Amino acid sequence: MSTTQATRQIHLVGFLKPAGEYPSGWRHPEAPRAAGVDFAFAAQQVQRLEAALFDAVFVPDLVGLPDVRDDVLERVAVVNDTFEPLTLLAALAAVTDRIGLVGTASTSYSSVASLAADFASLQQLSRGRAGWNIVTSLNDTEARNFGRDHHLDHGDRYAHAAAVVEEVTARWAEQSSRPVLAQAGSSDAGRALAARVADLVFVRALPIAETREFVRDIRERAVASGRDGRDVIVLPELSAVIGRTRAEAEDAFAAVRDLLDARIALADLEYWTGTDLGGLPLDGPLPEPPLSGASRGAQREIYDQARRDGLSIGDLARLIAEGDGAVVGTAVDVADHIEKYVTEADVDGFTVSFPWLPATVTGFTEGVVPELQRRGLFRTHYEGSTIRDHLGLAQHQRA
Amino acid sequence: MTRQLHLNAIYSAAGGSLGGWRHPEAPARAGVDFPFIAEQARKLEASAFDAIFIADLLAVPDSHPDVIEKVATVNDSLEPLTVLSALAAVTERIGLIGTASSTYNQPYTLARAFASLDHLSRGRAGWNVVTSLIDAEARNFGADSHLAHADRYRRADEFLEVVYGLWDSFDDDAFEWDAATGRAFREDGIHRLDHAGEFFRVAGPLNIARAPQGRPVIAQAGASPAGRDVAGRHGELIFSGASRLEDATEYADDLRRRAEEAGRDRGDILLFPGLSVVVAPTRAEAEDRFSRIADLLHPRVALGDLEYWLGGVDLTGYDYDGPLPQFAQSNQSHSTQERIYETARRENLTIRQFVERRLRAEHTVVGTPEEVADHIQEWFEAGAADGFNVSFPALPGTLDAFVDLVVPELRRRGLFREHYTGTTLREHLGLPRPASRRAAVGAAAR
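Those protein sequence lines, which keep their order, are chains A and B. Under our numbering, residues 878 to 1276 are what the first sequence spells out, in order. Under our numbering, residues 41 to 486 are what the second sequence spells out, in order.
To be clear, the hints were calculated from the coordinates, so they are not data collected in a lab. Fair warning: this is a prediction, and the values are worked out from it, not measured in the lab. Hints may contain errors.
[Claimed, not checked] Sample of chain A residues lacking proximity to chain B, with all beta carbon distances greater than 10 Å (derived):
#1 SER901
#2 ALA928
#3 LEU930
#4 GLU1043
#5 THR1046
#6 ARG1093
#7 LEU1136
#8 GLY1174
#9 ASP1181
#10 LEU1188
#11 HIS1258
#12 GLY1261
[As the list claims (entries may be wrong)] Okay, the calculated beta carbon distance ranges per label pair:
#13 A:GLU1043 to B:GLU411: 49 to 59 Å
#14 A:ALA1040 to B:ARG82: 56 to 66 Å
#15 B:ARG232 to A:ASP1181: 29 to 39 Å
#16 B:ASP440 to A:ARG1251: 48 to 58 Å
#17 A:ARG1025 to B:SER331: 34 to 44 Å
#18 B:GLU227 to A:ARG1025: 25 to 35 Å
C-beta: ideal position from N, C-alpha, C; glycine also.
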């Protein structure tokens, strides 16, 4: 094994949504208007993450508007007005030197030749800092932008994704310097694909026992695919709000939470469960998920959580409104949380999301990162220049 | 103010000549050397060029291996949209035009990527719409052969209509970002497209605000009748390969006529013939520079280039001192094939003479700054050109010489701007910002 493991240093990937991850984050008084198409603002955030030695920045994507009612859509900033990931990352490559640049692209709606050429070009432009987050896409609204009425069936699209990934990677001649591959499917098919091909695995924030089980499962599947379990870097999402005191952090978060329209919370729950909750009582139980074409892993997790904890539809919507597992506290609190997950759940680091910008970015880079460095959990300088260097993947390949 | 011309740099990192990469000044792997590309773009911007244009091919051409191995340009170059996005971050004013194929992309994908580039660059994006050329490209996209000539132009036409519709998904003033009410945009400011046509079904809306330019600038280079029709209907910048003034004038008149027939104004299209330049303070120096560049082009590559443009034919078995044989029309660029045969017939050229002519790159204007400016001025005043697609046979030398010697001479003559007066590509070109076809206000204004 590489030395990375011996020192247990973690990896941090910044989840870039310039308008903020939290649905009402864009309404924060400090948030810029039209952040989604403000390149100077995006560049400034990524330069902050680079100064804080993040392994990479990750730009998510949807190839269409989300499938929600108009009165919800018009209140959600994140997805309606954003740069296309590859063009944004290419521009970011020109104003950064070290930080990895990972972008989402769909195996369902992009051609093999385009995916291969686009990411190879980003890899050259950035001198080895490119990453592809493999998604199969989610919604019928996306399908309808590409000549289909409905999204591909779940099983079909994962089989298709596996074939696309194989063909794309085959076109990259230099396997030892190819863009890194990331995957975030948590269904059985998603995990199987991740364990077989992904260098990075993203997973949503879960309680520690579930996280430990997820990490163990991914590493086991990787071994079954003939890889080293440590070759898969598992990074759960971490949404953090940091204050000088716990009360300050809680107040700051409460102020943003108060701006969340109830319609969005309920719609978010509908979106992730793939279920129309329109006619159902808020104090009633969440119906069995339809296991529709949308994200099956997420549907199952939410349903299981509701059943286990006896949560009603209203409770679940409130939970989402409260930030879906956001860690709210001092830099020390957040570092404690991170250290606990590293020690007890065997995670390799985190994908850090920022509920609103720029305050939660600076809270993390100026508060949490120095605390992690003090504990010996995070690098104090970049040792290499490529994303593979940062992630320790180059060493794995030599081993 | 007198009419002024426009300059667009056709950028090929290894140089416009197929042998340019062998020049002693050329950096190794220029095609993927972003700092080098950025440096050239900034020089062009310092000279107030309207735009830099990056062409594309979606394959390594299927020429003979002994040709391909000697050609750098097409085999190791960055993908246009990514490199233009990176250039957007390190330039301020220069327009950024890239080739993308309407045959091998989906309208939603390209509408989004060019809108994104327009936002990244604050209004400097342009799209050179091509229908693609060769079977090698088709085979990279799941087809054995290239879409038939007529079909690919019908597809291009529909593709563009879909893209225009997607670019008008949000009204210019749809986004309010009203933090107090929590409303990001007005519900009546968003429009679904629900397009269903021969080639595409696209629901929309596009998930990005209307582009700063309304629409990125559309460039087109169609030369066949079908291609000219598409160019006349959609093109704002028209690229052409004519090497003789009378051909360029005929082409310009024809395109303006087609634009009028399509209900557009003659002034809505700008003609940009290609212009390859080797310039030096004296004619002797220019010719010396030129012959040193021409010597770098391997004869096999020159023959291979001819084979390529004739549709991937094989000339190796023919008598080089015999006439250029006539092959069946290939599915590639019809106009280029016809131009080659027409020249061969008119001047009664053998294969060897043709190759020698390509080796000497007779389309290149070689001379002093005054001679190059004379050529430019003649074409400009004859109505054959509103601007030029300037290519540089070897980099960085021929680019440096152009901006240092030709641009000042053009300015002395009052033919080219001293500095930028606007910030968007449309402003540089004097093209209006298109109103939305969907917005209530835009519809009334139209």
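- Item | Ascending list of hint numbers which this structure does not respect | 1, 7, 14, 17
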